[in-house]
Amino acid sequence: MMKPMIIALAGILLSALNLFAQQDKIDVFPAVPYDRFIVYQNLIIFWIGIIGLIVIIKMKLREIERTQKMGIDKEEKDIPLLD
Amino acid sequence: MNCPRLKSWFSERYDFEEMKSLAKQKLVPIHKYEIWYYTGGIVLFLFIIQFITGMVLSFYYIPYFEQAHKSIIDIVTKLNMGWFFRSLHHWGAQIAIVVLFIHVWSTLLLKAYRKPREFLWFSGFILLGISIFFGLSGYLLLWDERAFAAVRVATGGAGNLPVVGEFIKSFLRGGIDVTGDTLTRFYAFHVSVLPLVTLALIGLHVLLVQYHGMSVPLSVKKEERKEIPFFPNLFYKDLVIWLVVLGIIVSLATFLPPEIGKKADPLAPAPENIKPEWYFLFLFQTLKLFPGEILGLNGETIAILLISAGIFFFFLIPFFDRKSQRGEKSTLFTWIGVIYFLYFVIMTVFGFIS
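Sequence order for the protein chains is W and L. Counting from 1, one number per residue, gives the positions in the first sequence under our numbering. Counting from 1, one number per residue, gives the positions in the second sequence under our numbering.
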């Protein structure tokens, strides 16, 4: 008689422990390690792309400023057209 | 890619040459404070990001109090890249408000609001207010217990305003308390009313910038500045900065995705140590400074009135600063701007750590 009562009491106490347990957090980021790896890998590729674009834009801007300094960036109005 | 037939099809209908020459004619002054010109462009870029990510999220969000919280969890956990778009929308909003504050304060300290640019200041200031309301309305859409309590506090604070307070509170809440009706109302504000007003105001603001040109600070002498064409010189510099900002937001969205709390329960007590979003912390901290009753009057009402008066003075600064209107240096208003800035920063930090 005692044995089932002790087991039942232990069961109740164990389930009562759940009341103190913190509520599971909602995953706001991929939880699987492989998915995480893909995300971080893509972030690195994204930054390489951004840096590449910045370098291209900077080079283009430098070239524009060079032609502006030389004064050869303006189109001549009476330039003959070649058909 | 060169498409002569397509080009001629368009040029027969629209005068592209005229537009091109107009873009090339637009000149921008270059001087030691030019860095502040880019803040406006960054805000515009961030608004575009917010519009795009917001549209994507609205395909899946359910603006009904019983399903709103679950729909966000589904967006984050079940949709491909859903977590990323939500995180991008969250960080885009945070950074947009930070840059907007910087833009407003740089305008104030450089006296760019002076005659004839008063309407630029007013439209920009209203846009800042709208952006903050965007933040508040978007925060409630999460429908978790923190957002619920924060909106209850914020709308309750507005209710302390004399005469119009009760009307504003019940108008915002759609009833006497924050309920499912408030969620529907805030959703309508967030996705239709505010975007329309924002688009109109951005249009007016950009139009006024084109009309008046960029303001040059009084301390910059004529011989110290030169002018460069907006297109392509400044446009390319803008592009570089936008790319860096995009990289920062994407990185923040990846490394710090915003958490989702427990579903809001209107009958449950507010969670402990509840705090509003960071841009409301200075208000929250100021309200804490005031006692419950001052000379028999409600302390919170007096605090709200004083804060409203302070914000209204800030809004009307172009009219008060007579010296700047005359083209003279006005040290007093520089100090006023610095005091406002320090007050905002100190109170925000205190609110954060307390």
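Any given hint might turn out to be false.
Said to hold, decoys possible - The calculated lysine-lysine pairs, modelled on DSSO-like cross-linking and capped at a C-alpha distance of 30 Å, are:
| id | chain 1 | residue 1 | chain 2 | residue 2 |
| --- | --- | --- | --- | --- |
| 1 | L | Lys-115 | W | Lys-69 |
| 2 | L | Lys-115 | W | Lys-25 |
| 3 | L | Lys-226 | W | Lys-60 |
| 4 | W | Lys-74 | L | Lys-7 |
| 5 | W | Lys-60 | L | Lys-237 |
| 6 | L | Lys-221 | W | Lys-25 |
| 7 | L | Lys-115 | L | Lys-237 |
| 8 | L | Lys-7 | W | Lys-60 |
| 9 | W | Lys-69 | L | Lys-221 |
| 10 | L | Lys-24 | W | Lys-58 |
| 11 | W | Lys-60 | L | Lys-115 |
| 12 | L | Lys-115 | W | Lys-58 |
| 13 | W | Lys-74 | L | Lys-70 |
Since the hints were derived computationally from the structure, they do not count as laboratory data.
Outcome of the hint check:
no.: 1; hint: L/Lys-115 / W/Lys-69; verdict: 34 Å, violated
no.: 2; hint: L/Lys-115 / W/Lys-25; verdict: 54 Å, violated
no.: 3; hint: L/Lys-226 / W/Lys-60; verdict: 21 Å, holds
no.: 4; hint: W/Lys-74 / L/Lys-7; verdict: 21 Å, holds
no.: 5; hint: W/Lys-60 / L/Lys-237; verdict: 11 Å, holds
no.: 6; hint: L/Lys-221 / W/Lys-25; verdict: 58 Å, violated
no.: 7; hint: L/Lys-115 / L/Lys-237; verdict: 28 Å, holds
no.: 8; hint: L/Lys-7 / W/Lys-60; verdict: 24 Å, holds
no.: 9; hint: W/Lys-69 / L/Lys-221; verdict: 23 Å, holds
no.: 10; hint: L/Lys-24 / W/Lys-58; verdict: 19 Å, holds
no.: 11; hint: W/Lys-60 / L/Lys-115; verdict: 37 Å, violated
no.: 12; hint: L/Lys-115 / W/Lys-58; verdict: 36 Å, violated
no.: 13; hint: W/Lys-74 / L/Lys-70; verdict: 60 Å, violated
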